[in-house]
Amino acid sequence: MNCAESKPLVGSYIDGELDAVHNLEMERHIAGCPSCAATQQSALTLRSLIREKAPYFRAPETLRARVNAITSAGHAAVRTGDTTAERQPSPTKRLAWNWMGAAAAFALVLVMGLRVSNLWGPSQENLLAGEVESAHVRSLMANHLMDVPSTDQHTVKPWFHGKLDFAPPVNDFASDGFPLTGGRLDYVHGQTVAALVYQRRQHPINVFVWPAPAEKDSDVREITRDGYNILHWTRGGMTYWVVSDLALDEMRQFANLLRR
Amino acid sequence: MRSWLLAIVRNTCYSWLRPNRRQDLAVEFDEGTHTPENETPDAEGLLIAEASREMLTRALEELPAEFREALVLRELEGLSYKEIGDVAGVPVGTVMSRLARARTRLAVILAADSGKEAADELRGK
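Chains A and B, in that order, give the protein sequences.
1 is the number of the first residue of the first sequence in this note's numbering; add one for each residue after it.
1 is the number of the first residue of the second sequence in this note's numbering; add one for each residue after it.
It is worth saying that the hints were derived from the structure and are not from the lab.
Careful: at least some of the hints might be erroneous.
Claimed, not checked - The following label-pair restraints were derived from C-beta to C-beta distances:
{"hint": "1", "chain 1": "A", "residue 1": "T62", "chain 2": "B", "residue 2": "T57", "range": "21 to 29 Å"}
{"hint": "2", "chain 1": "B", "residue 1": "S52", "chain 2": "A", "residue 2": "K216", "range": "44 to 52 Å"}
{"hint": "3", "chain 1": "A", "residue 1": "R260", "chain 2": "B", "residue 2": "R58", "range": "33 to 41 Å"}
{"hint": "4", "chain 1": "B", "residue 1": "T57", "chain 2": "A", "residue 2": "G177", "range": "51 to 59 Å"}
{"hint": "5", "chain 1": "B", "residue 1": "R53", "chain 2": "A", "residue 2": "D176", "range": "53 to 61 Å"}
{"hint": "6", "chain 1": "A", "residue 1": "R28", "chain 2": "B", "residue 2": "K82", "range": "32 to 40 Å"}
{"hint": "7", "chain 1": "B", "residue 1": "R53", "chain 2": "A", "residue 2": "N2", "range": "34 to 42 Å"}
{"hint": "8", "chain 1": "A", "residue 1": "V21", "chain 2": "B", "residue 2": "R53", "range": "37 to 45 Å"}
What the hints assert, rightly or not - Simulated crosslink set (EDC-like; lysine to aspartate or glutamate; CA at most 20 Å straight-line):
{"hint": "9", "chain 1": "A", "residue 1": "K53", "chain 2": "B", "residue 2": "E62"}
{"hint": "10", "chain 1": "A", "residue 1": "K53", "chain 2": "B", "residue 2": "E54"}
{"hint": "11", "chain 1": "A", "residue 1": "K163", "chain 2": "B", "residue 2": "D86"}
{"hint": "12", "chain 1": "B", "residue 1": "K82", "chain 2": "A", "residue 2": "E17"}
{"hint": "13", "chain 1": "B", "residue 1": "K82", "chain 2": "A", "residue 2": "D19"}
Glycine is no exception: its CB is placed at the ideal position from the N, C-alpha and C atoms.
Using the sequences plus the hints, can you model the full thing?
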């Protein structure tokens with residue numbers, strides 16, 4: 001494991017959400033890499049900061065009373081007029097109350113100021129390339145490459161239906177040596193996007209697709225970061241970002257197939 | 001049951017927000033302002049540790065709603081990725097990338113804020 005692979009996984013690592021294999025690889029890598037150890041330390045600092053200082057809202061008493069009235073325990077107490085239940089809440093009721101507190105807290109955090117801004121910085125391409133690269137690396141973790149593993153474009157394409165408000169073009173290029181292996185939803189550029197997964201020998205290729213209605217068709221642009229090749233273009237109202245560790249000439253060949 | 005209840009609260013909350021604050025839900029993060037050319041949250045650990053309650057609240061407010069909700073469900077409610085996915089109605093992979101982006105952005109905002117406050121102090125404000 002190198003830093004390019006390790007950095008995007010630091011969060012999942014401290015969350016204890018990695019599979020055993022990646023967990024072990026992370027442990028080993030961080031032990032020998034001061035830079036990734038520092039990233040982990042920052043992530044832990046941020047975590048304790050949030051846990052200690054983030055605003056946490058408690059739900060008001062009136063809400064508690066109303067929820068108790070509709071949960072089964074509360075319902076029984078109300079029906080029988082059992083006032084002792086009110087003074088000494090049953091475990092079920094306490095539990096319901098905890099959930100409710102959490103739910104209310106969560107709602108308030110959501111409502112808490114939401115701000116919009118739409119100015120694009122000068123390095124949008126770089127930022128997107130970074131996002132796409134991270135999404136690619138994360139997808140290579142066990143079990144996250146595909147939500148719909150299928151080599152059949154007629155299975156993959158309908159799978160996106162209802163999950164996205166656009167229909168990504170899905171084609172299999174098995175006869176050209178780039179078989180389709182599946183698809184999934186991912187999150188890039190502040191939105192849910194289609195991720196199509198192709199395979200070239202042992203190299204997985206991620207193709208991220210999202211609508212770009214306002215943008216004109218553009219030629220292929222090439223970026224190389226951390227050993228990954230990233231090609232992107234806009235065509236027919238869709239933006240395509242292709243990322244893999246494949247050699248550049250094979251990436252170009254694949255991009256030509258997609259653009260055919 | 002907990003994820004289920006949170007999912008109801010979330011959906012109700014978003015339905016309330018939609019007509020009332022339509023603008024706010026089309027959240028686009030201003031990458032240009034908040035993300036410097038080189039994202040280096042590593043070096044920002046020290047600055048972040050000094051962040052005040054107010055700064056943190058302000059920084060959280062600046063995050064897009066989907067990012068904030070993932071972070072809150074993870075750090076304050078202690079939900080697993082699977083549970084967060086159930087609440088938000090997205091796959092685990094999406095939860096993972098939202099959390100990663102949320103943390104990076106939060107660190108960058110906080111570091112920028114800390115830098116600003118330190119600079120203000122130096123100028124005697």
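Results of checking the hints against the structure:
1. Between A:T62 and B:T57 the beta carbon distance is about 25 Å. The supplied range of 21 to 29 Å therefore holds.
2. Under the hint 44 to 52 Å, the C-beta atoms of B:S52 and A:K216, about 46 Å apart, fit the expected range.
3. As the Cβ distance of A:R260 to B:R58 is approximately 49 Å, the hint placing it in 33 to 41 Å is violated.
4. For the pair B:T57 and A:G177, the beta carbons lie near 53 Å from each other, so the given range of 51 to 59 Å is met.
5. Against the hinted window of 53 to 61 Å, the Cβ-Cβ separation of B:R53 and A:D176 comes to about 57 Å, which satisfies the hint.
6. A:R28 and B:K82 have their C-beta atoms about 26 Å apart, which leaves the hinted 32 to 40 Å range violated.
7. About 38 Å separates the C-beta atoms of B:R53 and A:N2, a value consistent with the hinted range of 34 to 42 Å.
8. At roughly 39 Å, the beta-carbon separation of A:V21 and B:R53 lies within the given 37 to 45 Å, and the hint holds.
9. Note on A:K53 and B:E62: the hinted pairing holds, with a Cα-Cα distance of about 16 Å set against a maximum of 20 Å.
10. Our distance criterion of 20 Å between C-alpha atoms is met by A:K53 and B:E54, whose separation comes to about 9 Å.
11. Between the alpha carbons of A:K163 and B:D86 the distance comes to roughly 15 Å, so the proposed pair stays at or under 20 Å and holds.
12. At roughly 10 Å between alpha-carbon atoms, B:K82 and A:E17 fall within 20 Å of each other, so this suggested pair holds.
13. Between B:K82 and A:D19 the alpha-carbon distance is near 13 Å, which keeps this suggested pair within the 20 Å criterion.
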